[in-house]
Amino acid sequence: MNKDTPLDQIQDSDVSPTELDSVIDTNKELYDQLNAMPEIEALEAISVDDEKDEKEKDAPNPIFELVNRVQTFYAENELARYASWAFLLILISTSALTIIEYDMFNGSVKDHTEGSFTFGDTEPNWLDTFFHTFWWSIVTFTTVGYGDVSPITHLGKFLTIIIMLLNFGVVTLLGGAVASVLVAQRLTGDDTLDENKFDGHLVIAGWNKTVPSVLNLIESNKDSTSVIILVNEMDKEVIQRAITGYERLDITHIPENFTHESVLRKAFLDKAGTFMILPDSSGLLPHEDPDEDKTVLTCLTAKSISEACNVIAHVLDVENVSHLQRANANEIVIPDEHVPHLLAKHVTDPGVPQFFDDLILKEEEDKGLQEVKIPRTLNGQTHNKISAFYKFKYGWLLVGYAIRKAGFSLDEQMGESGSPLIRNMIKEQLDGAGINLTSDEHVVVEINPPDDYKIDGKHSALVLR
Amino acid sequence: MNPTAEQIQKINHFSKVNIDLCAIIASVVEIQECEPKEQLLTEGDTGDTMVLVFQGQVEVSKNMMVKTASGFTTSRKPIIRLETTDPPPAKDPETEATVFVVEAPAFGIGEFSLVLDNAIRTAHVNATTPLKYGILSLEDFTTIVMDHPEIGGAVYFEVAKSAVNNLATASGDISNLTQAFFFALTR
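Taken in order, these protein sequences are the chains called F and W. First residue of the first sequence? That's 1 in the working numbering, and the numbers climb one at a time after it. First residue of the second sequence? That's 1001 in the working numbering, and the numbers climb one at a time after it.
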């Protein structure tokens, strides 16, 4: 049947059982042909290889990982640094004493252990003596001083004085380090974040009742980022209760004012993949409305930190849309925008609104409408082949594409037209005013394109899973 | 001293004019000299003379209002430099060129004055090297054209070509400025 046939005529058209069988058989044959296409079979092998390669790439060497972790822990933990150096000093002084006062400590081991030696057989060896000296050092360092071993010779006493003076410095430093770490943690709100973990993560500024639903949907989509930072001034306990129970998500809460640049930097916004700004109900009474100027201000601040960051802003008042557009927000979500359409569809096309509800609100794991990447090797292929690929390989229905459109470039647009003087002056003046000559990439969708529609690297598939 | 007919023919606007007729034009032009930095034309002035440069280099510049750290200010922006090649300038330019230098055997500036009475100068013109130039007035040229109409066709065609080129550039500038204006408004 012709694709351009009006919908009402499709319903009215007379289709005989024979014609129906014929249509099904023809399509079955077409599907079989598509499934048997060499490029799709080859692609299956390629995509499996790609997955393997990805896994191999992702698996780090465990030894390097351990060394890296130790290095990171040492570099970032002041207490660990002091403790390591204190332990090293004790070991050095113990070794020195073992060597210098070997006879004295060796004799002391004999007197105390009465013939049963751990390392030596009948006589205490150097290891027994070293351990005994180490024991004495720790007893002296910690000011416990059992008195079971004490220096006798002048040299021994002299070295002990050095040990005790050393102890004074080390214990004081160690104690001071413990105190300073505790005080620093108290002052910074105990929110020092591990920088290595945050790259391409999601930052959500503001808190309202929609956040748990957003988190649920992100949790159920395994392909999306799992690292999330919430920045809001909501009560810590409320947030803690809301974020427990997520298996996949790694959520961190920064309980500070998200309009401040320093706070956004603390959330590593410069490395974030997406920044979501929501109407903030933190600290508001039930009848109070969120201050949406904060959303615009935060969008401006975020774009000044990272022009490349994908900023999604949610506003309740449509008046703020133009402000957010000027603030260069990538996507602006306005509530109730779709309500008139849905209401009208209840009248004109019953079933369509329910379909949308089911499609959008599906929170089951990896179900519903999702954006998935298209294998690079499929670039240049037509829509019908891509569609067949997803249908036969995964059983998904391809409904359209999300296309990343390059931002508008004023420089490219001007080209060589006009005089160089005016072109240069425009560039200089806009640059001086802090206006970037290129606008951000944005996403447009192409729904159910014609069969011969060709895709490129900017396309990703919108599939019904 | 008058220039030679060959010197006049080297100028683009008169290149299609017969050498004998060029001699007639040369007869009404007096060769003058000036030093670097001397201003030949001033933007905004009216004038009915065309400057014919036989040797040397000039810089064409325009007044532009630009925004600086201290606010809006008018500054003179060089647009282009024109330099003769036959003969080349007697000395190197006193200042380094920051704009494109267009070379020609000889060139004319203010050609619209051969058409318009009291045409407004659209840019400043300053000498950047010692200059040998001549002045062709509208009155003299009109008289010559009246006596020898065949000169008019060739010269007016070149002037019209220049005007059309300027119009195309201005159209591009308006387009660029409009785009930049809307682009800046949306940021």
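Rather than coming from a laboratory, the hints here were simulated on the basis of the structure. The reader is advised that the hints may include incorrect statements.
[Stated by the list, open to error] Simulated restraints, written as ranges between beta carbons of each label pair:
#1 Asn1063(W) / Asn448(F): 56 to 64 Å
#2 Gln413(F) / Asp1092(W): 36 to 44 Å
#3 Arg326(F) / Glu1043(W): 35 to 43 Å
#4 Asn1063(W) / Glu307(F): 18 to 26 Å
#5 Lys427(F) / Thr1143(W): 23 to 31 Å
#6 Gln413(F) / Tyr1156(W): 31 to 39 Å
#7 Ala433(F) / Glu1043(W): 22 to 30 Å
Idealized CB from N, CA, C, for every residue including glycine.
Evaluation of the provided hints:
no.	hint	in the structure
1	Asn1063(W) / Asn448(F): 56 to 64 Å	57 Å, holds
2	Gln413(F) / Asp1092(W): 36 to 44 Å	39 Å, holds
3	Arg326(F) / Glu1043(W): 35 to 43 Å	36 Å, holds
4	Asn1063(W) / Glu307(F): 18 to 26 Å	34 Å, violated
5	Lys427(F) / Thr1143(W): 23 to 31 Å	47 Å, violated
6	Gln413(F) / Tyr1156(W): 31 to 39 Å	36 Å, holds
7	Ala433(F) / Glu1043(W): 22 to 30 Å	26 Å, holds
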